[in-house]
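Undergrad: Going down the list, the sequences are from chains X and C.
If you read the first sequence in our numbering, its first letter stands for residue 1, the second for the next number, and so on.
If you read the second sequence in our numbering, its first letter stands for residue 1, the second for the next number, and so on.
Don't read these hints as lab results, they were simulated from the structure.
Values in this document were obtained by computation on a predicted structure and should not be read as measured data.
Every residue gets a Cβ at the ideal spot worked out from N, C-alpha and C, and that includes glycine.
Any given hint could be a false lead.
[Unchecked claim] No farther apart than 25 Å at their CA atoms in a straight line, the calculated lysine-lysine pairs in the PhoX-like style are these:
1) X:Lys477 <-> X:Lys491
2) C:Lys111 <-> C:Lys190
3) C:Lys111 <-> X:Lys133
4) C:Lys190 <-> X:Lys133
5) X:Lys133 <-> C:Lys341
6) X:Lys81 <-> C:Lys354
7) X:Lys413 <-> X:Lys352
[Stated by the list, open to error] With the Cβ distance kept under 10 Å, some of the chain C side facing chain X (calculated, not the full set):
8) Lys121
9) Pro125
10) Gly170
11) Ser231
12) Phe314
13) Glu317
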Amino acid sequence: MAKNINLTIDGINVTVEEGTTILEAARNLNIHIPTLCYHEDLCVAGNCRVCVVEQEKVRNLPASCATPATDGMVIHTNSMKVRMARKHIVELLLSEHNADCTKCYKNGNCELQGLASQMLTGDHLFLDLVPDKKYTIDMFNTAIIKDDSRCIRCQRCVRTCEELQSVSALGVAYKGNKMKISTFFEHSLFEVVCTNCGQCVNRCPTGALIERNYIDQVWDAIYDPNKHVVVQTAPAVRVALGEALGMETGKIVTGKMVAALRRLGFSSVLDTDFTADLTIIEEGHELLTRLKKALVDKDPTVSLPMATSCSPGWIKFIEHTFPEYLPNLSTCKSPQQMFGALAKTYYTQKRKLDPKNVVSVSIMPCTAKKFEANRPEMRSSGYKDVDFVLTTRELGIMIRQAGLDFAELPEEKFDSFMGSSTGAAVIFGSTGGVMEAALRTAYEIVTGREVPFDGLNIVPVRGTEGEVREATIKIEKVKPEWSFLEGVELKCAVANGLAHAKTLMQNVRDGKAFYHFIEVMACPGGCLGGGGQPIPTNKDIRAKRKTAIYEEDMGMPVRKSHENPEIAEIYKEFLGKPLGHKSHELLHTYYTPRKRY
Amino acid sequence: MSEQTLKRVDLIFGEYSNEKYKILATTLARTNEDILKDLLESGLRGRGGAGFPTAMKWKFTAESPGEEKYVVCNADEGEPGTFKDREILLRVPRKVFSGMAICGKVIGAKKGYMYLRGEYKFMVPELMKELAIYHEHTKQLGLDFSIEIRMGSGAYICGEESALFESMEGGRGEPRNKPPYPTTSGFMKKPTVINNVETFVNVLMIMRLGPDQYKKLGTTDSRGSKVFSVSGDTPIPGIYELELGMPLDRFVDEFGDGDTKAVQVGGASGFCVPRKKFKDTVIGFEGVPTGGSMMIFNSSRSMYNVLHNYLEFFEEESCGQCTPCRVGCQQLLKGIVAVKKGEKKAVYLDQLMKLSESMKITAKCGLGQSVANSFSSIVNNFKEEMIY
């Protein structure tokens, strides 16, 4: 058991476990010491110094985030000395910062702005350094914009990129007054190993890293009388959008979201979950085909493990980092892109619309989806399959712009068709969800029976943060046509966060582990912790969103993708059969090997 | 110029034995407790400038749990006006290696590193030759402690111990949060003793003389001698080994050119002492400490230019990670320029003084904390030169 430490903070005695920082000890007492570089998900940097406190009998003010509590410590969090130092620090940050707040995307949602208003920095104490700085803005990327003039050099983004994602696209360059956050040879983000996951955007306390927003373009489309604007919404959005609009964390707002989208003026409010179900059918068959080739035909060219391909951050990561494993990726497009391709083919045929007049918009918890939609190969309908991708945050902004009282909106249902979905699709939003959904369907295809787990909940594959989850499912009593799978133990692995994806792939590459099927989601916790989700996102918040996702699954009348009636319909009316000609044309894709640098 | 009044010492550079590594050999035969007792008794404090008691540093590291420990010699001599380690390494590298080896024995390390300033690359061939001799001797002595040279790349901040470890580990030279201190988590996060070049030589000298003899030099708070790098307006610039605890006026009498206006003690991160305070200033840990740099300015010098020069240096050499240091240095520099140009009123200097106080207590490492030393001592003592 850890040793107990007794200390005094602002006159209150408190006992904490050894290793607790002063900041954490103060938070236990509901004393909120301001922070900037600190983030629950990241290692402690202690470089902004905003969280300094006074310790009796010590000359310097320790940074409370980086200093462990020790026995007998007497701390003052709001002394004269502390107030002066903190004000100086915030003033210094402001003097280097382009504080033209009304022109900033993060206006009103900026941690530096919050501190500035708290400290009443009305008359700037120091000289404005911004005019002498040659700040640049990287606006070349389709997903993320990096504006150095807004950067306060807290390095949250650098730590995110390195620790959580092991991508290290962002790093620190130069020193002293020239120190900045930059990329390899200061290339634009679109030229480096950046996966567009947006985890840095989610953690940036200011407007230095933001998503490229397409809000105005979407309004333009909505107000264009000649355009038919369809919108699809990803599974993880419905458990987080409420946060962006002042509701409690982990609230399921599916119905209100649908109502809001309708009121914003979208012609048709549809569901990415529909194509998530479709992905399961295609990907499930792809997996079974690969297994057959490997086990029956002994085809040496078949690539196992097969890896999921729903997460565009993961796709770009593997293209850069493990290009030799591209054949292992499922050729299935992500649900977003399947939806986009169908929106301008199947949907337009059925609705008798000219695809050139259809604008397809998606609401995603993700910034990488913006990049994905702009990939040159994502035009299989003959048009850009998905025209605009908005993050959960951008939708939140649109709803506020429209003056909707979100919490009071009625619960409405998605339009049909391409609006019906199952519990299996909802759980795409959480790590392990694609795996679980695929197993629910594949197992049943092969055996004719439901997966042998209580209430269809395949808990062993539900990913957990901070580790690679492994599970083995034994396939027994198969149908005659799948006899080659009799007794096969299907080995699966699930990883979330690219750092863990890297570990998983290294294990595969080095022969340390063998799997048939792996699921990777680029973001910690899966899409529910995506880079496009409301800020803040941290471990506790992700856990609440995850609970909500599985709650939504449990509440769905249909929980297996192959039982979605609209799925049966689309195969009957349009696609023919899984992995058929039309599927290949519209629902499958290819990947591009990329270099590390 | 007046005659010599200060006691010259010849401990550091003096020849001490015809037989190479003799003191090392005799010291190795002693117990660790015995060695530490002598060190503690001697009152030796670190010669890099901060003056932490060497015996305590070694003791803490020796007592830290863990098998793997390291000895690091900080030879990243980057403080403006300091060039004494260069001389020590050129003339008596053997004494440095011996001191490191004694440390290795005491704390139980098998590996020592010398982190050498990038600009001192020219001395590597000679040091390597001496190291070969050293390794031969340790082999004969049966001591398992090897030494390797690592090169710096020219960043001032890498002289800060934790930034130095980061640099050695292949990272960006950025100071770490403290605690943990190097005694428990240093190079490769293992317990590490990091000492200045001169400190290691002092250890060897204490082993040779014994603490009683050594203690005869210096004062209660500042035992022993110190190698000074004397530069600026002096007819006799160079390296001098002098007794610690000397009054500054006697130093100026001996080294000044008769028109000394101020002495910058301890380099850019040290303190500026004006003429009126020479008499009351003692050079040592009880007064104004120094890593060795003594820069003498006569009345022809503009102290505004001196400060401007230091601040330009800090603005560039800050690692840039912590706010007070990165932005504070820029503000101090731009601020004195603005006052000088009349763009800001003279009272703005008071604002800058407060800022430098904040930097002193909030910066992450010694660099940012010590910018206020030169800033406040120059501005306070030469205010009119800052304004007019």
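Undergrad: All hints are to be evaluated individually against the structure, with a verdict given for each.
TA: Hint check:
1. Simply put, lysine 477 of chain X and lysine 491 of chain X have alpha-carbon atoms about 18 Å apart, close enough for the 25 Å limit, and the pair holds.
2. Between lysine 111 of chain C and lysine 190 of chain C, the direct Cα distance comes to roughly 12 Å. Compliance with the 25 Å bound is thereby established for this hinted pair.
3. Distance hint between lysine 111 of chain C and lysine 133 of chain X is unfulfilled; the C-alpha atoms sit about 45 Å from each other, more than 25 Å.
4. Simply put, lysine 190 of chain C and lysine 133 of chain X have alpha-carbon atoms about 40 Å apart, too far for the 25 Å limit, and the pair is violated.
5. Proposed proximity of lysine 133 of chain X and lysine 341 of chain C is supported: the alpha carbons are some 20 Å apart, at most 25 Å.
6. Taking the CA atoms of lysine 81 of chain X and lysine 354 of chain C, the gap is about 11 Å. The hint holds against a cut of 25 Å.
7. Using a Cα cut-off of 25 Å, the hinted pair lysine 413 of chain X and lysine 352 of chain X holds, with the two alpha carbons roughly 23 Å apart.
8. Hint status for lysine 121 of chain C: violated, given a least beta-carbon distance of 20 Å to chain X, over 10 Å.
9. Interface restraint check for proline 125 of chain C: the shortest CB-CB distance to chain X comes to about 30 Å, outside 10 Å, so the restraint is violated.
10. Interface hint at glycine 170 of chain C: violated, since its Cβ lies 13 Å from the closest Cβ of chain X, which is beyond the 10 Å cut-off.
11. A distance limit of 10 Å between C-beta atoms decides the matter here; for serine 231 of chain C the minimum to chain X is near 24 Å, and the interface restraint is violated.
12. Residue-level restraint check for phenylalanine 314 of chain C holds (minimum Cβ-Cβ distance to chain X is 8 Å; threshold 10 Å).
13. Evaluation of the glutamate 317 of chain C hint against chain X yields a held restraint, the C-beta minimum of about 6 Å falling below 10 Å.
The structure shown violates the earlier hints numbered 3, 4, 8, 9, 10, 11.
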